[in-house]
Structure formats: C-alpha cells, structure tokens
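Trainee: What follows is each chain in one-letter form.
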Amino acid sequence: MPADPMEAWEQWYGAVSKGWSRAVNGNGNKTAPPDPLSLYQTWLKSVSTVQEQFLRGAGDPQELWKQWLEVTTDFWRKAAEAGGDPTGLMKQWMEMMEETRNRLFAGMPLPADPFTFFKQWYDATNETWSSLVGEVIGTEKFMDVSSEFLKTYASFYATMRRASEEYFRNLQLPTRSDIARVAELIVNLEEKVDQIDSELEDFEDGAGSSLSQLPVALQKLSAVEQLEQRTGSLEQRLERVEGKLDTLLASLDKLAAREEAKPAAPARRTKRKPGTPSQKSAGAASKAES
Amino acid sequence: MDTRDETGHKPGSSFEDALKKYREGMQIILEGAKADTGQTPKEVIWTKNKAKLYHYQPATPVTYPVPILLVYALINRPYVLDLMPGNSLVEFLVGKGFNVYMLDWGTPGDEDKNLSFDNYVLDYIPQAVKKMLRNAHAGEFTLLGYCMGGTMSAMYAALFPGKPLKNLILLTAPIGFTADDMGLFGLWTSEKYFDPDLLADAYGNVPGEVIDSGNRMLKPVTNYVGTYVTMWDRILQNKPMDTWLAMSKWVNDGVPFPGAAFKQWIREFYQQNKLVKGEIKLRGQMVNLTNITCPVLNIAGTKDHICTPPQAEATMRLISSQDKEFYVIDAGHVGLLTGSNARKDLWPKIWRWLEPRSQ
Numbered sequence: 001m002p003a004d005p006m007e008a009w010e011q012w013y014g015a016v017s018k019g020w021s022r023a024v025n026g027n028g029n030k031t032a033p034p035d036p037l038s039l040y041q042t043w044l045k046s047v048s049t050v051q052e053q054f055l056r057g058a059g060d061p062q063e064l065w066k067q068w069l070e071v072t073t074d075f076w077r078k079a080a081e082a083g084g085d086p087t088g089l090m091k092q093w094m095e096m097m098e099e100t101r102n103r104l105f106a107g108m109p110l111p112a113d114p115f116t117f118f119k120q121w122y123d124a125t126n127e128t129w130s131s132l133v134g135e136v137i138g139t140e141k142f143m144d145v146s147s148e149f150l151k152t153y154a155s156f157y158a159t160m161r162r163a164s165e166e167y168f169r170n171l172q173l174p175t176r177s178d179i180a181r182v183a184e185l186i187v188n189l190e191e192k193v194d195q196i197d198s199e200l201e202d203f204e205d206g207a208g209s210s211l212s213q214l215p216v217a218l219q220k221l222s223a224v225e226q227l228e229q230r231t232g233s234l235e236q237r238l239e240r241v242e243g244k245l246d247t248l249l250a251s252l253d254k255l256a257a258r259e260e261a262k263p264a265a266p267a268r269r270t271k272r273k274p275g276t277p278s279q280k281s282a283g284a285a286s287k288a289e290s
Numbered sequence: 001m002d003t004r005d006e007t008g009h010k011p012g013s014s015f016e017d018a019l020k021k022y023r024e025g026m027q028i029i030l031e032g033a034k035a036d037t038g039q040t041p042k043e044v045i046w047t048k049n050k051a052k053l054y055h056y057q058p059a060t061p062v063t064y065p066v067p068i069l070l071v072y073a074l075i076n077r078p079y080v081l082d083l084m085p086g087n088s089l090v091e092f093l094v095g096k097g098f099n100v101y102m103l104d105w106g107t108p109g110d111e112d113k114n115l116s117f118d119n120y121v122l123d124y125i126p127q128a129v130k131k132m133l134r135n136a137h138a139g140e141f142t143l144l145g146y147c148m149g150g151t152m153s154a155m156y157a158a159l160f161p162g163k164p165l166k167n168l169i170l171l172t173a174p175i176g177f178t179a180d181d182m183g184l185f186g187l188w189t190s191e192k193y194f195d196p197d198l199l200a201d202a203y204g205n206v207p208g209e210v211i212d213s214g215n216r217m218l219k220p221v222t223n224y225v226g227t228y229v230t231m232w233d234r235i236l237q238n239k240p241m242d243t244w245l246a247m248s249k250w251v252n253d254g255v256p257f258p259g260a261a262f263k264q265w266i267r268e269f270y271q272q273n274k275l276v277k278g279e280i281k282l283r284g285q286m287v288n289l290t291n292i293t294c295p296v297l298n299i300a301g302t303k304d305h306i307c308t309p310p311q312a313e314a315t316m317r318l319i320s321s322q323d324k325e326f327y328v329i330d331a332g333h334v335g336l337l338t339g340s341n342a343r344k345d346l347w348p349k350i351w352r353w354l355e356p357r358s359q
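Protein chains in written order, with the numbering used here: chain H, 1 to 290; chain P, 1 to 359.
Honestly, the hints are just simulated from the structure, not real lab data.
Treat the hints with care, since some could be wrong.
[Unchecked claim] Pair by pair, the computed Cβ-Cβ distance ranges are:
| # | chain 1 | residue 1 | chain 2 | residue 2 | range |
| --- | --- | --- | --- | --- | --- |
| 1 | P | Arg343 | H | Gly138 | 33 to 41 Å |
| 2 | P | Glu279 | H | Glu204 | 56 to 64 Å |
| 3 | P | Met217 | H | Glu191 | 33 to 41 Å |
| 4 | H | Glu190 | P | Val328 | 51 to 59 Å |
| 5 | P | Glu355 | H | Glu225 | 50 to 58 Å |
| 6 | P | Asp118 | H | Thr152 | 27 to 35 Å |
| 7 | H | Ala180 | P | Asp118 | 14 to 22 Å |
| 8 | P | His305 | H | Met160 | 29 to 37 Å |
| 9 | H | Ala217 | P | Val44 | 34 to 42 Å |
| 10 | P | Met316 | H | Gly134 | 23 to 31 Å |
| 11 | P | Gly95 | H | Ile196 | 35 to 43 Å |
| 12 | P | Pro126 | H | Gly206 | 15 to 23 Å |
[Claimed, not checked] What the simulated footprint calls covered on chain H by chain P, stretch by stretch (three residues with Cβ under 8 Å from a Cβ of chain P suffice, anywhere in the stretch; the number is not a length):
| # | region |
| --- | --- |
| 13 | 153-161 |
| 14 | 190-202 |
A virtual CB, placed ideally from N, CA and C, is assigned to each residue, including glycine.
Pulled out of the complex, with its shape left as it was, chain P reads as follows (with noise of 0.2 Å):
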C-alpha cells in the first residue's frame, strides 16, 4: 500500500525527518530549551525572604554524621549541583551517603534591591547553618560553596571560624581580583570603563540576562555560535540531546543580581581587590581570610575565565589552615561540574577527601 501524503512524502522519509529535525531545533531557538533538572528528591526545611534550604532526602543510610551545606552564587540558579539524574553532584554525595543540604538564594524582587553581602554572609548563612545543624542533629558541618558562593563562603568561614565549621570546600571560587589575574574581565570591569552604580541604579537588580552577556561575550564565537553548531548537530545525528537541553535550559535561567550586592561585587572586589587585603568589612566586621583555620579544599579549572586557577590559588596564601589542597581540573567553569569528567574526576576526588573528614 502506498502510505505517500498529498505532498508526496511517505512518513517517516528523510524529508519528513528533516522537518521534524529541523521543527525540533527551531522550537528550542525560539521558546529555549525544556528539562526536567534538580530531580534528587528533596524538601523545603526552612525559608528566609526568597530563600529556601533544601534537605535531600537520603537514598541510602546516612553514612557520615558531619552534613554538606551547598552554598552557590547569587547569579543563575544552583541546580546545576543537580543537573539531571545520572549527571548530578548532589546525587552523588547524597549516594555516598552523605547529608547534603543546598542553600537556594530564589529569585530576588524589586523590593531586594538593597539586600547586600552583609545580609548573605551575616543573616542568611548563618540561619541556615543553624537550622541545618538542628535538622541533621549535628554540631558540625561541611562548607562547600561553588563560584560566588565560595567567596561568600570563605567569607563565613573567616567571620564565623571554630565550630560548628568543620570543613571547607571551594569550587572555583574567585578570592583574588588583580587585573592580570582576571582576563578580559579585568579590562571590562575596570574603573576607568565601568561604573556599577550606572546599572544598578537604572535596573535596581541587575537583569540576569546582562550578566549572562558578561559572562558569554568572554568567548562569543563559542557560546552565541558553537552552542547552536552543537545542537543542530546534535538533533541531525540523533545523538542524545538531555544534557544540552538541561545546560542551555541552566545558562539561560540567569537570576537578578541585587543593586546593592553587584555595586559591592564590581567595586569592592572586582575593582579594589579589598578580600586579600582584608579591608573586606561586613556590617563593620572585617573579614580576614587568615581567621579561616579548619581544613579547606580548593578546587579551580584550567580552562575557567569566569575564575581564573590564579584568583581561586590566591586562598591558599592566605588560610591559616595546615590542613589544605589546592586542586586544578583539566576543564571550565561549569564543564569541572557537570558530565564525564566530573564524574571520573571532581565528585570522587570530594568524596575521598571528605571521607576522613567527617566522621
């Protein structure tokens, strides 16, 4: 029986397929990419303002009695740490039989404007650690913040040092701002060329979206155009597309920057270094990095241009702790977190390292 259209095409022709290929990528161009991430199984034990902390619930016995506290950048959205099952940090630890607990900034409004690295580091952490102790009937914890959360952890680390911190893991976490160190941000976000207060002061939070361009314009010919070469390819030879989906869907969920914290952010840190001076001060507190004395893994990437090996490295001169690695991963900023070689590489390497660690 002949199954033809009245185009002429039978189902299923390789002129069919092309169209629904190519009907495929168009959608993901025009309405952006749909997964399903962040699917370990968790619940909401506590909330402040915006923010959540979230409890993973263990798929095995709770083997360690110390807990993980996650704690990730103010900008786009922590599921990265739980990409998608099979490709997932969280999933892993939690395997392992850790505790692991992640601290969610959410989304911040209008009406958050003002909040800044005071409020995070001085009232939201703290709380957290506080209800994640009470929660976990533990009187320590692991530390491990990614990016911007583990400068904002170090931070803690530095004004809240002893107990109940155990431990402390840093995952390319930006410590030192000098120029050289920095790449083409540290042309960009010169003093001479960038003024924060002009973009905060219009947007009030700065838009997710302009952050992102920052970030993508330090490789525009990879991210605006070889991310759409690897979909199309990816859809023409039916090669599996769930990962790209769930990292396109991650890099293009950006969240608001708040006013206050992005001036502090550029100026304080980016433009005057002040963290390695330890001219840093919250709410009058200075914060010094040489306070930090519990044991601390650091870890960066050789291919990272969002942080640099030299700015995470610039820690370990700092920490007063004797005991302390510094841990350079073949790959980028995301890429050390997510997909093969994070599994072969980064999620054993803070398993075996925290194994003794938190007993």
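Isolated chain H (complex conformation) (with noise of 0.2 Å):
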C-alpha cells in the first residue's frame, strides 16, 4: 500500500476509472486510458434514471434497492478485474459490499427511503470500514506521511502568524501579542490581589482562633495576679519574720556581752569555733541570700 494518501487515492481513483470505463463501454479493451469526464457523465446518468423511476413511483421500492445494489456490485467487481487492485482497498470494498447483499437480503425487507437503507448499509459495513481505516492509520507510513504533513503545516502557520504581527505592527495597530502581553499583566496583578485576599482570610482565621483562646487566657491571668498577691504577701510576712529574728539576735548578743561580763558563770557560755560567723552573721547572710 502507497505509504502518501493521494498516491494510494490516485491508484484507486485510477483502477476504478479503468474499471468503470470498462464495464461502461465493453470493449476489453484494459489499457484503455481513464476517462474522467465519461465516468463523471455516467454515473448522473445512473442517479438521474434512478431519481427519475422513484419519481414516477415505477416499480417497487425494494426492487429498485436490489436493482442497484447488484449493478453497483457487479461494477465494483468488473472494476477489480480489470484494473487491477494495488492498493487491496477494492478487494476489502468488494468483500463489504458482497457482505452487504447477503446480509440485506437474508430476509430482510429493503426500506423504501434512501436514509433507512443506507443506515442499514452503515451499520452492516461501520465494523469493515472501522477497521480498515483503523489498519491504514496505524501504520508507520502514514506516520511518516502525517509527521511531515504536521511539520509543513506548523512551520507555515507560525510563518503566517509572524507575517500577520509584523503587518497590523507595520500599520501602528495593537497585535495579539500586545493584547496578550496586557492581559499578562493584568493577570499578574490578580495574582497579588489573590495574595493579599488569601493573607488577610489567614489573619482572619488566626485572630478568630485567638479569640476563641481568650477566656482561657484571662482566666490564666487572674490566676497568675492571684500568685503575684500571694507571693507578695508571703514576702512581707518573710521581711517581718526577719525583722523579728534580728531583734532576736541583737538581745541573745546583748543578753551575751552581759554573761562575758560575769566571769563566775563561764560554763553557760556556748563556745563558738574560730572562722564560723556568730548568729548574727548567719542570720543575716541568710537574708541576704534570699
């Protein structure tokens, strides 16, 4: 099979040519250039003959369906034998149409409009042609055939878009370009608005959360308030203990300067050891460290 879609057209357009002149004219003659015009001219004869039959209601409807799908049949053979079939395209139509026949006249009555008829005929061939064109399009010649199409005609697009900025950018006139570079920016723009939106709906969460903290916190508060009184008190009630003890101190070192002064009792006297600071002392190291 032609791997290019127009040599393969070209071939099968050429063959059913052939064919068509062939059976038209009889002559056996199978190298007998294709005739265009002639095929053209007898097939309007064909559709005219049939139109004019379906007009004058000559003739049963279903016969008339027979009538052409047998003439059409029979063409489609004569046309593959005499002209060949390179591409295997006409065998595969052939098979379809043949196919067809049976299918519509295994019992089947033949509709009398040309639509229900040619669903018929859609829905008995869909599957063939589906699969058939399935075949062609997946092949890797017409692969190599769409790649170059698609190259060509992308390099001439961009080649016509080029051609058209630079004309209406010749004339003074905004292009595409501008407006897309605008439309850029504006859609920057609300980029920064959606930012800003989004920051302020976060601060909004973050402040209804702390709200939603904030008895907890006050009661935390008073708590700790409550603390600092206590403590303070605590301090106070500390500051006059001291105060009591160091007047307490100040008469036990009266009380003994006065039994140093009396050398007849030196029994009671508590002895202090050399380098230990007196009670006093102590007592107010003491103080000072709290």
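Using the supplied hints, reconstruct the complex from the two chains, each of which is provided in its own coordinate frame.
Mentor: Structure follows, in structure tokens:
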C-alpha cells in the first residue's frame, strides 16, 4: 500500500476509472486510459435514471434497491478484475458489498426511503470500514506522511502568524501579542490581589482562633495575678519574721555580752569555733541570699 | 376545507414533516448542537485567572460532612459531569446529600500559553482546596479527578499527602503511558513522529479542534460518520434528541490546551512515561505516587480508547494506600460517565464507596 494518501487515492481512482470505462464500454481494452468526464456522465446518468424511476413511482422500491445493489456490486467486481487492485482497498470494498448484499437479502425487507437503507448499509459495514481505516492510520507509513504534513503545516502557520504580527505592527496597530502582554499584566496583578486576599483570610482565621482562646488566657492571667499577690504577701510576712529574728539575735548578743562581763559563770557560755560566723552574721547572710 | 398550501401540500403532511426534519438536521450540522447543559444550581465562590470554583447548591440537607472537589481535564468543558437534569453525576451526588464543588479551568487565552502543570497542581488546586474547605467549614475532603484531571489529582495527592485529603477517586485517569498500552495514541505521540513543540510554538495554545481531531481519529468512522447517522436516525424516527444534542455540544466545545502544559503532557507523560518512573518534577518537587496513602477508588472503562484500562491500572502498583480498589466498567471514556449505564453502575458505585468514608 502506498504511504502517501494522495498516491493511494490516485491508484484507487485510476483503477476504478479503468474498470468503469471497461464496464461501460465493454470493449475489453484494459489499457484504455480512464475518462473522468465519461465516468462522471455515466454516474450522473445512472443517478438520474434511478431518480426518475423513484419520482414516477415506477416499480417496487425494494426491487429498485436490489437492482441498484446488484449493478453496483457487479460494477465493482468488474472494476477490480479489470484494473487490478494495487492498494487492496477494492478487494475489501467488494467483500463488504457482498456481505451487505447477503445480509440485506437474507430476509430483511428493504426499506423504501434512502436514509433507512443507508443506515442499514452503515450498520452492516461500519465495523469493516472502521477496521480498514484503523489498519491504514495505524501504520508507520501513514505516520511518516502525517508527520511530514504536520511539520509543514505548523511551519506554515507559524510563518503566517509572524507575518500577520509584523503587518499589524507596521500599521501601528496592536497585535494579539500586545493584547496578550496586557492581559498577562492583569493576570499578574490579580495574582497579587489574590495573595493579599489569602493573607487577610489567614489573618482573619488566626484572629478568630486567638479570640476563641481569650477566656482561657484571661483565666490564666487571673491565676497569675493571684499568685503574685500571694507571693507579695508571703514576702512581707517573711520580712516581718526576719525583723523579729534580728531583734531576737540582737537581744541574744546583748545577753551574751552581759554574760561575758560576768566571770563567775563561764560554763553557760556557748563556745564558738574559730572561723565560724556568729549567729547574727549567719542570719544576715541568709537574708542576703533570700 | 382544503388546507393545502400553494405548493399543493397539506400542513403536517409527510412531505412537510420530512422537510422540517431535514431543516432540523441541517441546522445542527451547520450551526452546531445547542442544548442547556450544566443546570444544577451553583454559585462561583472563587476565581483565579480563568479558573472558577463552583459550589453546587444542596437540594437536600448535606448529610456527609466531607465535601467533594471535582477536577476536570484542561481540555474540554467540565459540564459533562453535569450534562443535563437526570443525566448528571453532580446532580446525583448533590441529591444524595454530598457537598459538591467543581474546579472549572476556563478557557485559556494567549496570555496563558506559559501555564504548565506546575501552576495547575501547585497553585490552582491547593488554593481551590483551601477556599472550598473554608466555604464548607470542613477539615477534610474527597478529591475526584476525571481523565487528565485524574492525573493532576493523583499528582496533587502525591505532593500533598495526609490531611486535608481524605479520599481520592480517579475516573479514567491515565497514569501509565507505556506505548503498548496506549493503542493508536502510542504510535501517534511517539517521539519519532510527533514533536509537541512544533504545534505549541506555532499556535501558542493548541486549539481545541486540533486536540479533538486527535481524539476523534482514534475511531474516525464512528466519530465522523456514525455520529451523524445516529443524529438523522433519531430525527427521522422522532426519538428524543436531548442527550444527543448535549453530548454533541460537549464534544465540539473543546478548549485550547496551554502550550507549556501541552508540551509537558506529550513529552514527559506520553513520550517519556515519567510519572510511573517517579521522574516528574513540578517546580523542583519530585512527584512520587508512593506518597499516596489515602483511600483510593480507581475506575476505568473497558472500551475506553483515550485512557485504556492498563493506563489507569498502573496507579494500583504505585500508591501506598492500604484501602484501594480498581473498578472496571464496560463502557467508553465518556459513556462511562453519562447515560443509563452510568445511572446503574458508576454513580451508585461512587456513592456506596464514599458513604462510609465521608463521615
């Protein structure tokens, strides 16, 4: 099968035209060149004949369909035999036609209106056609051609686009690119507004969360204040106790001095080791630490 | 009384009827399908550039405290998740008492051609999650990603594991990009034949029609011929057209793919299969899917040719979640999401899976 669809089409058309000429002329000259005009005229004449018969209401419509199908199948068979079938398409087409004819003639009444007939024909041939087309478009050769076409088309489109841009630019008119640039600025601006909006929502959500925690925080604060008050009160009481201790120590010192002045009673006096502070000075140190 | 008109035809006669139907069909072909889609009541609670975050108004009291965030692909419109009344996943979930949000990426302009997955996964989704949680007064959420949105959701889950992400649902999300698993896409996107820079640099943003053509060409006969055969059949047989119109509108309503993201998607995902190798880096951060530990429901369709089942199944081998399930539905990429099969299969499945995990 040729890779180029145009080449395939030409081969197919050539074969069909040759077959058509042979079928119509019946001259058996297989090398006679195809005559597209004659082909068209013959086809047109056939259509006109069928049309006239329909319009006149001549004959049973089902019989007409049968005739049409018979003639068409016969034509394709002759065309295939006469012109060869380099693409293989005609052979498949023939098989499809035969299959359709058999299906339709198997007992199903043939419809009177063209559309219903076409639909039945489509239903009968759809799968064959699909697989046939599927085979063609799924080949590497088809892809080679398509790929080249795509490259050419994309290159052509890009050139056209550049040329149009240049043309409008020379006319001092805004181009699509200019408008796109402005739109891009707007989109970027919108993005910044979105960010601010998002930040505000986060802030709102955060503030909302803080407010919900406020009663707990206030309770904690109250507890801390109470604790501070109690601590202050304790400090005052401690100072008072220290004051009393100082007074006691002073009294004890006086008492000790008085006792030292009395030599007759040394046994009652508490001896202090050298280097150890007196009770008064130890108390003062303790106060300083606190 | 003879009511024939000047052409000799009676009003309501078969000729007039046929003409009317012909006109109807041709109008759809020429002007495109028109349908009221995305009708579940919603409000926009946040916007960023072209993206919007929708909050669907609860039809019933919200019974599940964990909200759901729907993330869709960058291509196509997300209203396929809320196609039309009676045929909407969103409507179904809202009706079951879920608090549903959806991230709509919008239509990128030329100025967005440099947006990449780094922006979408690291900036857009986290900010949308933050807004959603604030709006829903919730601490956790379920992330539901569809198609490429599923791939992005998986990357988000890998980069932001733990709270607030509680559950992850991946709907036809391609994770593995082994060429053999991708069918025709494997061939079409191979480095040998396809250079994403060519298209992205030529267009800036790759047009929706181009992306759509690629998807349609996977089944050209069905998509280019079969669709219209179905249309004419429905018109001529007087069958309801609502669903066909809505789907047709959606299929033809593609959005451009930002150039930088397109390059990344084709090169790093399709051509180099970096996600399963743990080599995707978003703004310097390595995307390691083994970081995902939350409950995961991973859904694929047997007839899906855009994300084949093996592509979706790759997730199961990579994530560390203990609570994980791979569920396969006999449907295609979109058929899985809408229609009578979805009503019977997908939607109840999601609901039943989420129910115990959304308390």
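Trainee: Next step is simple, just say for each hint if it's right about the structure.
Mentor: So, going through the hints one by one against the coordinates:
| no. | hint | verdict |
| --- | --- | --- |
| 1 | Arg343(P) / Gly138(H): 33 to 41 Å | holds (34 Å) |
| 2 | Glu279(P) / Glu204(H): 56 to 64 Å | violated (40 Å) |
| 3 | Met217(P) / Glu191(H): 33 to 41 Å | holds (38 Å) |
| 4 | Glu190(H) / Val328(P): 51 to 59 Å | violated (42 Å) |
| 5 | Glu355(P) / Glu225(H): 50 to 58 Å | holds (53 Å) |
| 6 | Asp118(P) / Thr152(H): 27 to 35 Å | holds (32 Å) |
| 7 | Ala180(H) / Asp118(P): 14 to 22 Å | holds (20 Å) |
| 8 | His305(P) / Met160(H): 29 to 37 Å | holds (33 Å) |
| 9 | Ala217(H) / Val44(P): 34 to 42 Å | holds (39 Å) |
| 10 | Met316(P) / Gly134(H): 23 to 31 Å | holds (29 Å) |
| 11 | Gly95(P) / Ile196(H): 35 to 43 Å | holds (38 Å) |
| 12 | Pro126(P) / Gly206(H): 15 to 23 Å | holds (19 Å) |
| 13 | 153-161 | holds (count 5) |
| 14 | 190-202 | holds (count 5) |
Checked against the numbered hints given earlier, this structure breaks hints 2, 4; the rest are met.
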